[in-house]
Amino acid sequence: MPDDLINSYKTGPDENGRFGDFGGRFVSETLMPLILRLEAEYEKAKTDQSFWDEMDDLWTHYVGRPSPLYHAERLSEHLGGAKIYMKRDELNHTGAHKINNVLGQIILARRMGKTRIIAETGAGQHGVATATVCAKFGLKCVVYMGAHDVERQKPNVFRMRLLGAEVVPVTSGRGTLKDAMNDALRDWVTNVRDTFYCIGTVAGPHPYPAMVRDFQAIIGKEVRWQLAEQEGEGRLPDTVVAAIGGGSNAMGLFFPFLDDPEVKIIGVEAGGKGVNEKMEHCASLTGGRPGVLHGNRTYLLQDDDGQILEGFSISAGLDYPGIGPEHAWLHDIGRAEYVSITDKEALGAFQLSCALEGIIPALEPSHALAHVMKIAPDLPKDHIIVMNMCGRGDKDIFAVAQHLGFDMA
Amino acid sequence: MTRIDAKFADLKAKGKKAFVAYVMAGDPDYDTSLEIVKGLPAAGVDIIELGMPFTDPMADGPTIQLAGQRALEAGQTLDKTLAMARIFRETDDTTPIVMMGYYNPIYSRGVDTFLSQAKEAGIDGLIVVDLPPEEDSELCLPAQAAGLNFIRLATPTTDDERLPRVLQNTSGFVYYVSITGITGSAEAQATDVGPEVARIKAGTDLPVVVGFGIKTPEQARSIGSVADGAVVGSAIVSQIAAGKPVAEVLDFVAALAQGAHSA
Numbered sequence: 000m001p002d003d004l005i006n007s008y009k010t011g012p013d014e015n016g017r018f019g020d021f022g023g024r025f026v027s028e029t030l031m032p033l034i035l036r037l038e039a040e041y042e043k044a045k046t047d048q049s050f051w052d053e054m055d056d057l058w059t060h061y062v063g064r065p066s067p068l069y070h071a072e073r074l075s076e077h078l079g080g081a082k083i084y085m086k087r088d089e090l091n092h093t094g095a096h097k098i099n100n101v102l103g104q105i106i107l108a109r110r111m112g113k114t115r116i117i118a119e120t121g122a123g124q125h126g127v128a129t130a131t132v133c134a135k136f137g138l139k140c141v142v143y144m145g146a147h148d149v150e151r152q153k154p155n156v157f158r159m160r161l162l163g164a165e166v167v168p169v170t171s172g173r174g175t176l177k178d179a180m181n182d183a184l185r186d187w188v189t190n191v192r193d194t195f196y197c198i199g200t201v202a203g204p205h206p207y208p209a210m211v212r213d214f215q216a217i218i219g220k221e222v223r224w225q226l227a228e229q230e231g232e233g234r235l236p237d238t239v240v241a242a243i244g245g246g247s248n249a250m251g252l253f254f255p256f257l258d259d260p261e262v263k264i265i266g267v268e269a270g271g272k273g274v275n276e277k278m279e280h281c282a283s284l285t286g287g288r289p290g291v292l293h294g295n296r297t298y299l300l301q302d303d304d305g306q307i308l309e310g311f312s313i314s315a316g317l318d319y320p321g322i323g324p325e326h327a328w329l330h331d332i333g334r335a336e337y338v339s340i341t342d343k344e345a346l347g348a349f350q351l352s353c354a355l356e357g358i359i360p361a362l363e364p365s366h367a368l369a370h371v372m373k374i375a376p377d378l379p380k381d382h383i384i385v386m387n388m389c390g391r392g393d394k395d396i397f398a399v400a401q402h403l404g405f406d407m408a
Numbered sequence: 000m001t002r003i004d005a006k007f008a009d010l011k012a013k014g015k016k017a018f019v020a021y022v023m024a025g026d027p028d029y030d031t032s033l034e035i036v037k038g039l040p041a042a043g044v045d046i047i048e049l050g051m052p053f054t055d056p057m058a059d060g061p062t063i064q065l066a067g068q069r070a071l072e073a074g075q076t077l078d079k080t081l082a083m084a085r086i087f088r089e090t091d092d093t094t095p096i097v098m099m100g101y102y103n104p105i106y107s108r109g110v111d112t113f114l115s116q117a118k119e120a121g122i123d124g125l126i127v128v129d130l131p132p133e134e135d136s137e138l139c140l141p142a143q144a145a146g147l148n149f150i151r152l153a154t155p156t157t158d159d160e161r162l163p164r165v166l167q168n169t170s171g172f173v174y175y176v177s178i179t180g181i182t183g184s185a186e187a188q189a190t191d192v193g194p195e196v197a198r199i200k201a202g203t204d205l206p207v208v209v210g211f212g213i214k215t216p217e218q219a220r221s222i223g224s225v226a227d228g229a230v231v232g233s234a235i236v237s238q239i240a241a242g243k244p245v246a247e248v249l250d251f252v253a254a255l256a257q258g259a260h261s262a
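So the sequence lines, in the order shown, correspond to chains A and B.
For the first sequence, counting from 1, position 318 maps to 317 in numbering that gives the first Met the number 0; every step adds exactly one.
For the second sequence, counting from 1, position 39 maps to 38 in numbering that gives the first Met the number 0; every step adds exactly one.
In case anyone wonders, no lab produced these hints; they're calculated from the structure.
Being a predicted model, the structure only gives us computed values, none of them experimental.
We put the CB at the ideal spot given by N, CA and C, even for glycine.
Careful, some of the hints might be misleading.
[As the list claims (entries may be wrong)] Ranges between beta-carbon positions, derived for each pair:
no., chain 1, residue 1, chain 2, residue 2, range
1, A, P260, B, A145, 29 to 37 Å
2, A, S49, B, A201, 49 to 57 Å
3, A, W51, B, D111, 44 to 52 Å
4, B, D250, A, G163, 45 to 53 Å
5, B, L140, A, G233, 48 to 56 Å
[What the hints assert, rightly or not] Stretch by stretch, here's where chain A covers chain B in the computed footprint (C-beta under 8 Å, at least three residues):
no., segment
6, 64 to 77
7, 106 to 114
8, 123 to 130
9, 153 to 162
10, 176 to 183
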């Protein structure tokens, strides 16, 4: 190992899929052989130039990458402190960062000869991205979505159906993202031979957290050269901020900066109605403790008996009681800071972005923006913050209208 | 020799196949569940699998999912599940009890604490669905060191290359999952299962018991005829879900046991 990697934060996970004590492969035996094959296939693809050539081509011509790095001038001025940039991943095809990862996994699935793709979705963004790429490649697509989310994300449900996907409303549990993931895993165990499970975030059994991170890392890699272009060679952000449900857009932004100690890294969890003993939030790091769920060890919202609690958030995309294991590790070693933002604060940021920048953000990045609003005023004007505008808000206008008391009917 | 080893030695001497019954601890409530568990040996059950309810049972079909929800809603906890075993042991010191479930409630308790509590309560073995051999250091090895059997699942996707790894560190018996799927779904076919059991037995001296997809006395008999025993879970749990009185549930179990024992 070269010297400069010995103290690197970028070498994880280890061969057992661990980031420190987090991660791992906590799945039933039925899935293990497939997961090992997937790992082997991914390891091969990682160093296969033809794989990345195919990705680059699709990223450029199908997704529309690179996404712009945009100086939010009026917002910066309004807050009166730091210089704020938005990484515009909401401009990607399908309207969020999710497709970065889906393309990678579907190309792998095709290489493995799988003909049926399943996915879980919360807000519907990952489901739409998966349905989109499946349509493009002529693959059968089944999306599991909590019944509660089907109700609050109707436009995305219709979008998935238009794209030819079967959307299965999940009624077990409280009918949210965690329950959708359970049912997707049950489907996978049943149809393991022809089915590829396209996980939408940096969670699940190894190699998913690492693989999804690697596909999303395009976000941070672009920020590096884009900022250098706009601010001068070698200029890095002083602070990077991203919202976290499972944490894939955040890992994608953070990863390329892990070994730059001068870059402060902040992940923003969904605080719901406030991180309190009533657990009306989804802030796994702030309000949870380590446990094992969905194939990995990470911080989870759970009771004293190890039963998983339902998260609560205005944002369906953050409504998950866990968090990617790499975030759990970065939290424990102190390389990244994790904070939480309430529904109310996120709604405020949502409106401010619309009013000042003409950008209707998804509720997920509204959480990140709300934290930027908190810290920016006290920072000097030459302090550069890059926040990940990871999704657009079209899907959320109905929910927001309801919260603001606006009658859409 | 654990109670599980002794039970299989005894069955072998009698030329009988094992009948293993699964019930969810605390379903539909603690008292009823305890009454059912206490009645299982007299109904012909050789080994009891006591389900530990968990909010997110990824490998279970709707029947067992709902059983877990009923138990949790009725206030079942890990302490109460251990208490059931302890009370059962006051009157039965030979029927093995295997706790079956998911890792998080055990991890949350703390592995060492859990193992000493389980051992003290008279538990004989553990089946933890989300702990493949790759995670042996978590619970499997500590459990064996504490004198508990760790019963591994082998599945139709466990290929020849992987099988030795699955069999290593398994003790008590091997649980062959007859289908690729969740509990209570497709039906197991003896014609498929027979060669698989033979494949596993070529690699181990442990008894091989088959579960998932066995619902009737006839299936218990036909699967029993190609293995060392049969497990029935969802079909029994369905009786409890339907609100059948304890005596009727136990009659249903007795018919299944007879099926397996006639193999």
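We went through each hint and held it up to the structure:
1. The beta-carbon spacing between P260/A and A145/B, approximately 44 Å, falls outside the hinted interval of 29 to 37 Å.
2. Taking the beta carbon of each, S49/A and A201/B are about 41 Å apart, not inside 49 to 57 Å as hinted.
3. Under the hint 44 to 52 Å, the C-beta atoms of W51/A and D111/B, about 46 Å apart, fit the expected range.
4. Take D250/B and G163/A: their Cβ atoms lie about 50 Å apart, and the range 45 to 53 Å holds.
5. Here the CB-CB span from L140/B to G233/A is close to 50 Å, well matched to the stated 48 to 56 Å.
6. Only when three residues or more bring their CB closer than 8 Å to a CB of chain A does the claim for the segment 64 to 77 of chain B stand; here the count is 4, and the claim holds.
7. Counting residues of the segment 106 to 114 of chain B whose beta-carbon sits less than 8 Å from any beta-carbon of chain A gives 3, enough to reach three: the coverage restraint holds.
8. With 3 residues having a beta carbon nearer than 8 Å to a beta carbon of chain A, the segment 123 to 130 of chain B meets the requirement of three or more and the stated coverage holds.
9. Counting residues of the segment 153 to 162 of chain B whose beta-carbon sits less than 8 Å from any beta-carbon of chain A gives 7, enough to reach three: the coverage restraint holds.
10. With 4 residues having a Cβ less than 8 Å from any Cβ of chain A, the segment 176 to 183 of chain B passes the three-residue criterion, so the hint holds.
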